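Asker: Sequence:
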Amino acid sequence: VETGKKCPNCGAEGKYHGEHEAVVKNYKYSWGKVADVGCRCWNCGYEWGFELPESRSGKANC
Numbered sequence: 044v045e046t047g048k049k050c051p052n053c054g055a056e057g058k059y060h061g062e063h064e065a066v067v068k069n070y071k072y073s074w075g076k077v078a079d080v081g082c083r084c085w086n087c088g089y090e091w092g093f094e095l096p097e098s099r100s101g102k103a104n105c
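Counting from 44, one number per residue, gives the positions in the sequence shown under the numbering used here.
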C-alpha cells in the first residue's frame, strides 16, 4: 500500500483521503514467470510505478 504519495494523473494523495492500492501484474515468458508491482490510485484508478515495459506504457514511478 502506497501512503502519502500523489497520483500523477489526478493528484489525489494517499495519506489523508485514502490509500493507493498495490497492483501486481504477472507475465509468463519462455524462460519463466515475472511479477511486476506498481500502484493504483484509489480515486481515479490510474496505474503507475511499474518496472517492466509491458506494464509501464510510459507511466511515472510511484
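Don't read these hints as lab results, they were simulated from the structure. It is possible that part of the hints are untrue.
[Unchecked claim] Between beta-carbon pairs, the in silico distance windows are:
id : residue 1 : residue 2 : range
1  : 51        : 73        : 31 to 41 Å
2  : 64        : 97        : 13 to 23 Å
3  : 97        : 52        : 17 to 27 Å
4  : 80        : 54        : 36 to 46 Å
5  : 96        : 52        : 36 to 46 Å
6  : 53        : 74        : 10 to 20 Å
7  : 53        : 78        : 31 to 41 Å
[Unchecked claim] Straight-line Cα separation of at most 20 Å, SDA-like style, residue types lysine to any residue; simulated pairs:
id : residue 1 : residue 2
8  : 49        : 83
9  : 48        : 74
10 : 76        : 49
Here the structure is a predicted model, which means the values were calculated and not measured. In this text, a Cβ means the ideal position worked out from N, Cα and C, and glycines have one as well.
Asker: Work down the list of hints and note, for each, if the structure agrees.
Answerer: Hints versus structure:
Separation of residue 51 from residue 73 is about 33 Å and conforms to the stated range, judged on CB atoms against 31 to 41 Å. The supplied range of 13 to 23 Å is met by residue 64 and residue 97, whose beta-carbon atoms lie about 19 Å from each other. The hint said 17 to 27 Å for the Cβ distance between residue 97 and residue 52, and at roughly 20 Å that hint holds. The given range of 36 to 46 Å is broken by residue 80 and residue 54, whose C-beta atoms sit roughly 22 Å from each other.
Between residue 96 and residue 52 the beta carbon distance is about 19 Å. The supplied range of 36 to 46 Å is therefore violated. In this structure the supplied range 10 to 20 Å is violated for residue 53 paired with residue 74, their Cβ-Cβ distance being about 37 Å. Distance hint check for residue 53 and residue 78: the Cβ-Cβ separation is about 26 Å, which falls outside the suggested range of 31 to 41 Å. Our distance criterion of 20 Å between C-alpha atoms is met by residue 49 and residue 83, whose separation comes to about 11 Å.
Under the criterion of a C-alpha separation no larger than 20 Å, the hint pairing residue 48 with residue 74 is inconsistent with the structure, at around 35 Å. Using a Cα cut-off of 20 Å, the hinted pair residue 76 and residue 49 is violated, with the two alpha carbons roughly 30 Å apart.
In terms of the numbered hints stated before, the structure departs from hints 4, 5, 6, 7, 9 and 10, listed from lowest to highest.
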